[in-house]
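Novice: For reference, the chains in residue letters:
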Amino acid sequence: MFVSERMAKNLITAGPDMTIFEAKTIMAEKGFRHLPIVDSAGKLIGIVSDRDIRAAMPSTLLKKADYEITLAKIMNFPVEDIMTKDPLTIYAYYTIQDTLLVMQKKKVGALPVIDQEGYLKGLLSVRDLLRSFVSVLNIDEPGCLLCIVVNAKEKTGQMKKIVDIITEERIALGSILVARAWDNNKRAIFPYLLTNNIINVKKKLIANGFELIDPMQWYLDHQQPQKAE
Amino acid sequence: MHCDRVQVQIRDVGLGRSRKIVIEKQENLMKRTGFVYDERYLLHDTGIYHPESPERLKTIFKWLEDSGMLSQLTRIEATKANQRWIETVHNIHYIMRFDEACISGLNEFEHPDNGICRDSYDTAFLAVGGVLKAIDAVMKGEIDNAFCAVRPPGHHAEADKPMGFCYFNNVAIGARYLQKEYGIERVGIIDFDVHHGNGTQHIFDRDPSVFYYSIHEHPSFAYPGTGREFEAGLGEGEGYTVNSPVLPGRGDDEYKRLIMQDLVPAFKKFNPEFILLSAGFDAHESDMMSGTNLSTEGYDFISEVIMNLVNRCSGGRVVSVLEGGYNLDILPLLVENHIRFLADLK
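Quick mapping for you: the protein sequence lines, in order, are chains A and B.
Okay, so the first sequence: first residue is 1 according to our numbering, each after it adds one.
Okay, so the second sequence: first residue is 1001 according to our numbering, each after it adds one.
One or more hints might be untrue.
As the list claims (entries may be wrong) - Here are some of the chain A residues that sit facing chain B, going by a computed Cβ distance under 10 Å:
1) Ile82
2) Glu141
3) Pro215
4) Trp218
As the list claims (entries may be wrong) - Cβ pair distances, simulated, as ranges:
5) B:Gly1105 / A:Ala172: 19 to 27 Å
6) A:Glu80 / B:Arg1228: 42 to 50 Å
7) B:Tyr1182 / A:Val163: 39 to 47 Å
8) B:Ser1104 / A:Thr84: 55 to 63 Å
9) B:Ala1159 / A:Val163: 45 to 53 Å
10) B:Glu1110 / A:Ser4: 47 to 55 Å
11) B:Pro1208 / A:Thr60: 38 to 46 Å
12) A:Ala172 / B:Leu1043: 41 to 49 Å
13) A:Glu117 / B:Asp1099: 53 to 61 Å
14) A:Ala8 / B:Ala1159: 26 to 34 Å
15) A:Glu154 / B:Ser1071: 54 to 62 Å
16) B:Leu1043 / A:Arg127: 46 to 54 Å
It should be emphasised that the hints constitute simulated quantities derived from the structure, not laboratory data.
On a predicted model such as this, the values are computed, not experimentally measured, just so you know.
A virtual CB, placed ideally from N, CA and C, is assigned to each residue, including glycine.
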């Protein structure tokens, strides 16, 4: 749940005077897309992404000879010239949910993680974030997704009933997602159960008056064009 | 129940202008179908309220007895498999852990789904053994094909861990047995249990000599969460795994479409020399272990298409092994119908 657990550590970093050629080479060799730039003390001063590198390349429309001459000139420029200065950062004690919101709102692909003094501690990329969420949702563990509709007017106590039923059947809960706005005045709850054995849970839920959603039926119902109110 | 099928052959026994037509009655065409069942399979106790119960086999056996079907099948006796066959799929440390768990009197093995008792280890050996005996009988020509009513089931069991009520992957071990004991090169596995056979798929992921086909409830909604369309095998095994996920709520139409589109062309192309079935009956509309709505006729369709493939590719050689199926009211009927297709009585 916390950035410090999920971030990439032991990062490869560069000083501001590393050449574009060196940066391009090392990113290609090691297969990563974001290179943090730090000063001699280790404080973060910028970040270079593979897109920055690509933007600095000469146009592929040039004739080969011209292309190579231009390329030779560019490759010796320092990364300082193409990096994003003072990039957006996050702190190691942030949650992955915080990171998700930052990435969504600010439209960045990777966030360097710094401490209070500005020293680089790690990097959290979109890929790391995807892996983190798969892990906390536990959907990489074998299990079944239940889709339960709850009438929003009677919502108090419904979650407890659902979880009680799951607990009574001694089933491990991977995660529960809640859709607070579902169809009209309803809520939908999606427990992910870490078991093969869902017969008894389903029977109990139905016996307790819960409605289970049929995903395909729901999709087909929502295909109908909305009539004008 | 016992139908006399008569085939007539018309031979042209004359030359020139006078021709004599001879009609010969051939012997009854029912196939010799073997049946593996042992009362000791009932000893594997998964605990009360566990859906994978001994009752499943008891009701199947009684039904087949009462309907007279049993007397038309060739009974095959199960004996415990030699451990070296189990080791072709599972690693030795896993086998030892399973043994220890049973000996220690634990009532679950590594996950609450996997209910066990002291007899479970031996029963699992006997389940594998039953499948191997059925294979022997087919390869020796004593029978044409067989149905193995065994427990515990196998297709979720991985090389090094139990899962989803499964401990040893009966069908995977059967495939390796065919290859090593009988030199069979291409084995085709068709898994129509409603849960994806993650164990079987992973065991043969990189192996182009065993084709794994599974049709199952969509992994986004159902256990074990694997078996998406893009899972098609790895490395050299790429192209030798095909998955057909079915959304919950869907039934016969979707099953028919996918079977004809995904299974048939792939198997015709692979042309297996022997076919093994992971036969699960939990996709049925009245089985609450799944959200799919396959009807009894839908199951007949699957059995029929499979037998066509069997007759076309593997010279009639198929061994069908029970996996899931948890509604005791419908399971025995579905098993009998399936056996009827094996025996060519439909």
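Novice: Evaluate each hint against the coordinates.
Specialist: Hints, verified against the model:
no. : hint                             : in the structure
1   : Ile82                            : violated, 37 Å
2   : Glu141                           : holds, 7 Å
3   : Pro215                           : holds, 6 Å
4   : Trp218                           : holds, 9 Å
5   : B:Gly1105 / A:Ala172: 19 to 27 Å : holds, 23 Å
6   : A:Glu80 / B:Arg1228: 42 to 50 Å  : holds, 45 Å
7   : B:Tyr1182 / A:Val163: 39 to 47 Å : violated, 53 Å
8   : B:Ser1104 / A:Thr84: 55 to 63 Å  : holds, 59 Å
9   : B:Ala1159 / A:Val163: 45 to 53 Å : violated, 35 Å
10  : B:Glu1110 / A:Ser4: 47 to 55 Å   : violated, 31 Å
11  : B:Pro1208 / A:Thr60: 38 to 46 Å  : holds, 40 Å
12  : A:Ala172 / B:Leu1043: 41 to 49 Å : violated, 28 Å
13  : A:Glu117 / B:Asp1099: 53 to 61 Å : holds, 57 Å
14  : A:Ala8 / B:Ala1159: 26 to 34 Å   : holds, 31 Å
15  : A:Glu154 / B:Ser1071: 54 to 62 Å : holds, 57 Å
16  : B:Leu1043 / A:Arg127: 46 to 54 Å : holds, 49 Å
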